[in-house]
Amino acid sequence: MSKMISRRSRKAGLPPGTPVHIGQQAAEPTRISVLSYDEQNVTQTQPTLASECEVFRQSPLTSWIMVQGLRDIDALETLGRCFGMHPLVLEDIVNTDQRPKLEDYGDYLYMVLKMLTYREATHEVASEQLSLVLGPNFLICFMERESELFEPLRQRLGESRGRIRKMGADYIAYSVIDTVVDNYFSVLEKVGEQVETLEEELVSNPRRGIMRDIQRLKREMIFLRRSVWPLRELIGGLQRADSPLVSESIGIYLRDVYDHTIQSIDTIESLRDMLSGMLDIYLSSISNRMNEIMKVLTIIATI
Amino acid sequence: MSKMISRRSRKAGLPPGTPVHIGQQAAEPTRISVLSYDEQNVTQTQPTLASECEVFRQSPLTSWIMVQGLRDIDALETLGRCFGMHPLVLEDIVNTDQRPKLEDYGDYLYMVLKMLTYREATHEVASEQLSLVLGPNFLICFMERESELFEPLRQRLGESRGRIRKMGADYIAYSVIDTVVDNYFSVLEKVGEQVETLEEELVSNPRRGIMRDIQRLKREMIFLRRSVWPLRELIGGLQRADSPLVSESIGIYLRDVYDHTIQSIDTIESLRDMLSGMLDIYLSSISNRMNEIMKVLTIIATI
Amino acid sequence: MSKMISRRSRKAGLPPGTPVHIGQQAAEPTRISVLSYDEQNVTQTQPTLASECEVFRQSPLTSWIMVQGLRDIDALETLGRCFGMHPLVLEDIVNTDQRPKLEDYGDYLYMVLKMLTYREATHEVASEQLSLVLGPNFLICFMERESELFEPLRQRLGESRGRIRKMGADYIAYSVIDTVVDNYFSVLEKVGEQVETLEEELVSNPRRGIMRDIQRLKREMIFLRRSVWPLRELIGGLQRADSPLVSESIGIYLRDVYDHTIQSIDTIESLRDMLSGMLDIYLSSISNRMNEIMKVLTIIATI
Amino acid sequence: MSKMISRRSRKAGLPPGTPVHIGQQAAEPTRISVLSYDEQNVTQTQPTLASECEVFRQSPLTSWIMVQGLRDIDALETLGRCFGMHPLVLEDIVNTDQRPKLEDYGDYLYMVLKMLTYREATHEVASEQLSLVLGPNFLICFMERESELFEPLRQRLGESRGRIRKMGADYIAYSVIDTVVDNYFSVLEKVGEQVETLEEELVSNPRRGIMRDIQRLKREMIFLRRSVWPLRELIGGLQRADSPLVSESIGIYLRDVYDHTIQSIDTIESLRDMLSGMLDIYLSSISNRMNEIMKVLTIIATI
Amino acid sequence: MSKMISRRSRKAGLPPGTPVHIGQQAAEPTRISVLSYDEQNVTQTQPTLASECEVFRQSPLTSWIMVQGLRDIDALETLGRCFGMHPLVLEDIVNTDQRPKLEDYGDYLYMVLKMLTYREATHEVASEQLSLVLGPNFLICFMERESELFEPLRQRLGESRGRIRKMGADYIAYSVIDTVVDNYFSVLEKVGEQVETLEEELVSNPRRGIMRDIQRLKREMIFLRRSVWPLRELIGGLQRADSPLVSESIGIYLRDVYDHTIQSIDTIESLRDMLSGMLDIYLSSISNRMNEIMKVLTIIATI
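Just so you know, the sequences run in chain order A, B, C, D and E. Numbering (numbering that gives the first Met the number 0) for the first sequence: 0 to 302. Numbering (numbering that gives the first Met the number 0) for the second sequence: 0 to 302. Numbering (numbering that gives the first Met the number 0) for the third sequence: 0 to 302. Numbering (numbering that gives the first Met the number 0) for the fourth sequence: 0 to 302. Numbering (numbering that gives the first Met the number 0) for the fifth sequence: 0 to 302.
Treat the hints with care, since some could be wrong.
Copies of the same chain are indistinguishable here, so a pair counts whether it falls within one copy or spans any two.
Within a straight-line C-alpha distance of at most 27 angstroms, the following computed DSSO-like cross-link-like pairs (lysine-lysine) qualify [to be verified]:
| id | residue 1 | residue 2 |
| --- | --- | --- |
| 1 | K165 | K10 |
| 2 | K189 | K10 |
| 3 | K10 | K100 |
| 4 | K189 | K294 |
| 5 | K165 | K189 |
Simulated from the structure, these hints should not be mistaken for lab results. Please read these numbers as outputs of a predicted model, since none were measured by experiment.
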């Protein structure tokens with residue numbers, strides 16, 4: 000259950016804006032990689048010093064900066080200074096217990112999302128915080144761990160497939176959010192299969208530990224809900240934002256990803272409903288079996 | 000339960016606007032038929048090439064284009080180009096896991112509805128996606144399968160009964176939605192009969208598998224709810240839309256179909272309430288029987 | 000449960016505005032009676048032809064036209080033409096599965112209400128649709144059956160007691176709604192007595208079939224709720240309506256009947272709460288009895 | 000349960016504005032007493048005729064008129080005429096099944112509140128309707144019975160303690176409402192103690208009738224809720240009212256009494272939550288005891 | 000349960016604005032300490048007379064006045080007079096059963112918060128009322144008891160770490176609220192651990208008294224909810240307040256503490272969900288055990 004409870008108490012008493020890592024897992028080493036492009040050119044760099052990123056802020060190119068691993072607080076603070084980020088933003092980036100949200104700082108937008116992964120071994124859903132800082136010509140992604148999730152997007156950008164290279168940093172931001180939401184469907188399918196399996200088992204052979212499995216899945220659903228629901232508000236906020244950072248041509252894409260978010264929320268709610276029903280089946284099946292035992296007992300007693 | 004879960008994961012990593020079929024069933028071959036009319040004339044054609052439909056866009060006549068079966072992606076893309084449809088619309092048309100919704104693209108409105116069918120054999124409700132693209136002088140319907148549902152409407156249009164021939168494409172759109180909603184009542188009556196039968200059985204002879212039947216019906220209700228609820232918003236959106244594509248004279252008809260939608264939502268909620276109550280009866284009836292067995296046992300033991 | 004489900008499927012495929020009777024009971028023969036008055040005079044007539052009513056539309060007197068029984072579709076259509084009613088209104092009048100609602104057609108307002116009757120024999124609540132068409136100087140009431148409910152109102156109007164004769168058709172409309180709502184209280188008292196009796200029985204002697212009675216009453220409450228809740232919206236709509244058909248002096252009376260509607264909704268919700276609680280008592284009382292049987296059994300077994 | 004159901008059916012068929020007493024108890028004889036004051040002077044009178052009150056309407060003094068007991072309909076009607084009250088107000092005053100509400104009649108405000116009393120003997124909460132008519136220089140309180148509740152307020156007014164004598168009739172109205180709400184806390188404390196006692200008993204010795212007591216308390220909570228919830232709206236309405244009858248300087252006091260109302264609503268909701276939890280404890284405690292009996296039985300059977 | 004019920008009845012009959020201590024615990028002796036500063040200087044004083052504080056109202060420095068213990072009503076009234084506080088504010092300060100709220104009195108803002116403490120010994124959450132009075136150059140904190148909670152904040156202020164010394168009284172107010180909310184996370188972690196422990200126990204060895212522990216925790220959650228939920232409204236109110244007392248530069252910090260409040264509300268709701276699920280596990284585990292006992296019994300009986 001630990002992942003239900005925010006572990007912010009470690010921070011009590013510190014001044015606001017102090018970046019202290021708070022999260023479920025230990026922080027991983029920080030690695031920066033940059034993809035910088037305009038319609039003609041693409042460059043990929045992997046700066047070893049965070050301060051090398053400063054050039055991208057003034058560059059005429061659009062830059063997508065990926066920061067994977069949040070252990071190196073100094074590097075993050077350097078980066079924060081380079082791009083004029085508020086200390087509270089930095090604090091929220093390393094404190095990975097944030098709820099999904101959107102904050103407009105005028106010069107840039109700050110967004111928090113949750114990336115979900117289904118772990119086959121433990122049948123658990125793991126969550127990772129993804130922070131986005133969207134400026135006029137740059138997008139910075141802060142991730143807790145290295146991840147392959149955005150590889151197809153990087154390739155499309157590198158090989159200039161589709162409209163992606165003609166558009167600005169806001170389109171990259173949209174693409175990143177879209178990828179995250181699409182990934183929710185994979186995770187929900189996996190969880191849905193588990194629910195299905197459980198239900199069949201419940202009907203054919205209600206073994207003893209099944210209640211615990213139902214309860215565990217219910218907990219997963221509470222967790223998923225908390226990760227996905229606020230995203231709806233975030234994207235709605237982007238749609239309504241009258242910030243020059245979000246161009247109008249993006250609106251149609253945001254509507255699309257908004258729909259997908261609603262769809263995944265729908266799926267979560269349906270799964271929750273299914274799980275509630277399963278408890279009822281279980282209880283009635285126990286009562287039924289009891290009745291039968293009693294009948295046997297009565298017959299024997301009669302004899 | 001599979002129909003509860005959106006199977007979008009197949010799409011992860013693809014650029015937005017790529018039309019890939021996603022749905023519960025395999026795509027069926029594509030067949031196009033057009034009904035083109037003004038107050039005096041009606042023509043019916045069945046173009047073999049999607050590109051033949053281009054003429055209808057500029058025609059002074061009003062055209063109702065039916066596309067049944069979504070397998071032929073190329074034809075759909077051609078059609079999309081002919082009528083200036085956005086790639087995201089095409090993507091949503093073939094991805095048949097959409098929620099009912101209304102989107103205003105300026106030149107045309109895009110709507111998604113769910114058509115429901117009650118399958119007598121399996122006692123299940125099947126759902127099919129119906130996409131409508133409403134332009135100034137055309138309405139395109141995209142359906143997953145061939146269906147007889149709109150035959151009476153086509154006949155009325157052909158034989159010029161009622162006011163239908165004097166009115167524009169928006170009236171056809173209304174008539175299509177009205178037909179879909181009227182059909183919900185047939186499906187709900189069938190489901191309602193099942194609920195009635197189950198309740199009588201529950202009271203007269205609560206057999207063992209009845210809980211499973213109740214649970215199955217509950218699942219159907221969740222499914223029906225998801226298909227019908229968002230329709231209310233869609234029609235409400237049409238009523239409030241200040242698009243030149245929806246003429247004012249249509250408002251009175253939309254109010255009517257809005258009422259019917261509310262009525263079918265009401266019926267769904269009542270059926271859900273009934274099903275919840277049935278579980279309580281079942282549990283108490285089991286407990287009661289148990290009590291009686293115990294009494295018998297006690298009497299025997301006493302002897 | 001049949002009365003929970005709208006039987007609109009009979010209409011599927013027909014053009015909108017076709018008046019086909021849809022309802023729980025067979026349609027009764029149509030009988031028209033008119034009460035026409037100003038401050039000085041009152042006339043009562045019973046036209047045999049619907050077309051005779053046309054004079055009342057232009058008359059300087061205020062007319063209250065009662066139509067009881069909906070079998071004679073032709074007469075209704077004639078009446079509709081005489082008073083300029085939209086075909087969709089006629090359709091809704093004969094289709095008695097409407098939800099209570101208010102529709103503003105400019106020249107007249109169309110309202111649907113539910114009249115409730117408690118049937119002592121079957122302990123059931125029956126519902127009948129009452130449609131009101133309110134014009135500048137006329138009110139037409141369409142009822143499914145003959146009913147004595149409005150007799151006192153007719154007498155007051157005839158004998159000129161109170162302010163009723165000085166006021167227009169909107170005041171008659173208010174008086175009709177008020178009478179309908181007042182009648183809800185009689186019905187709710189009857190149902191409330193049933194709930195009380197059931198509760199006493201539950202505590203003193205929980206017989207076997209009691210769960211079924213509770214369930215039946217629960218169903219009645221669902222039904223009552225659906226009939227009464229939307230009325231609140233209807234009256235609220237009348238209060239806010241800026242139609243010349245509703246004079247300002249009526250506002251104070253509408254507020255009064257609005258309060259009564261809220262009161263009856265309150266009563267319904269309280270009764271629902273009571274019924275939910277009764278299930279809990281029942282289950283625990285069964286468990287308790289079981290415990291006692293077991294104790295006896297144990298004592299016997301010990302001996 | 001009788002107090003849950005509005006007994007308005009007695010009124011069906013009567014013209015609106017007919018004052019007929021409707022309530023849980025028989026009407027008590029009517030007694031009028033007046034307290035008239037300005038900053039310097041206070042006079043107390045007990046007029047025997049209602050018509051004697053007319054002088055207070057034009058008086059430069061502020062008058063607080065208490066009417067206790069509603070049996071003498073004639074006196075009430077006289078009073079109504081003297082102060083220009085609408086017949087519907089009089090009707091609501093004697094019909095003591097009103098919900099708390101606020102109505103603005105221009106010249107005066109009409110308010111309905113519920114006064115609660117805890118009856119130690121029967122452990123029941125009784126409710127009494129308090130109607131307030133607030134004019135520019137008078138406040139009339141209509142109560143069902145004689146009550147000592149406002150004695151401290153009268154004394155403060157008579158002995159000129161605090162700011163009360165410098166202020167107008169609206170401040171008296173506030174003070175009356177404040178007294179009523181403060182009294183809710185006494186009643187809720189008593190009910191809360193009952194809930195506490197019940198819970199301790201449940202844990203230490205769950206006797207048979209306890210379910211019935213829980214159910215009875217639940218019913219009391221439903222009743223309390225209906226009496227207190229609407230008050231919030233009433234006071235909110237007073238705060239927003241732009242009537243010259245409510246001076247701005249009163250706003251700060253209304254905010255205060257609003258807070259207290261919210262607090263008592265909070266307490267009610269918490270008590271309801273507690274009672275729901277108690278059922279669960281009870282059921283599980285029964286099951287547990289059953290288990291133990293069965294174990295004993297098994298051991299004996301084994302021997 | 001006592002802490003659920005507001006004990007305001009002691010006040011019934013007193014004029015509004017009479018400061019009478021009402022709370023769960025006896026009032027503690029009053030101790031005042033002041034921290035007065037500008038960018039260069041800091042002074043700490045501990046006035047023995049409340050009237051000594053008057054100088055801070057006119058001082059060019061910013062003053063943070065801490066009042067710990069509310070027994071000395073006279074001192075509080077003196078302080079109230081010195082800073083122009085309304086009698087109703089004083090009343091609310093000593094009446095420690097307030098809900099969290101924000102009130103704008105023009106010259107100053109009045110806020111009520113709840114400070115929570117987890118008592119290891121009894122596993123209970125205790126609550127203490129914190130009242131804030133925010134003026135243009137002063138912040139007065141009224142606390143029920145001495146507390147170490149704000150020590151780190153005082154030290155930061157004294158040693159001039161961070162931006163704190165350059166900013167006004169509103170920043171101190173924000174810092175105080177932030178500290179209170181951060182502390183909620185510590186308390187919630189402790190409660191969360193208890194829930195975790197309980198759940199493990201439930202699964203491994205469901206002892207008899209466990210239902211009572213679940214019920215007790217549920218009660219704690221109701222209590223926590225009531226303390227934390229209204230805070231959201233308070234901070235939202237501060238964000239929207241167009242008072243000169245809240246400078247614009249504070250907005251970004253308020254957004255931050257708002258997020259944390261939402262996060263702690265989320266945690267509370269998740270814990271509540273977990274506890275509801277635990278009851279289901281418990282009931283099914285009892286039923287299961289029963290089944291097994293019965294099987295043993297049947298086997299023995301057979302032999």
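Here is how each hint holds up against the structure:
For the homomeric pair K165 and K10, the shortest alpha-carbon distance between copies (23 angstroms) is at most 27 angstroms, but the shortest distance inside one copy (43 angstroms) is not. Taking identical chains as interchangeable, the C-alpha atoms of K189 and K10 lie at most 27 angstroms apart only when they sit on different chains, with a minimum of 15 angstroms there against 36 angstroms within one chain. In the homo-oligomer, the alpha carbons of K10 and K100 lie at most 27 angstroms apart both inside one protomer (20 angstroms) and across protomers (26 angstroms), since each shortest distance falls under that limit. In this homomeric assembly, K189 and K294 never come within 27 angstroms of each other (Cα to Cα): the closest approach is 41 angstroms inside a single copy and 37 angstroms across copies.
With identical chains, the CA atoms of K165 and K189 are never at most 27 angstroms apart, being 36 angstroms at best within one copy and 52 angstroms at best between copies.
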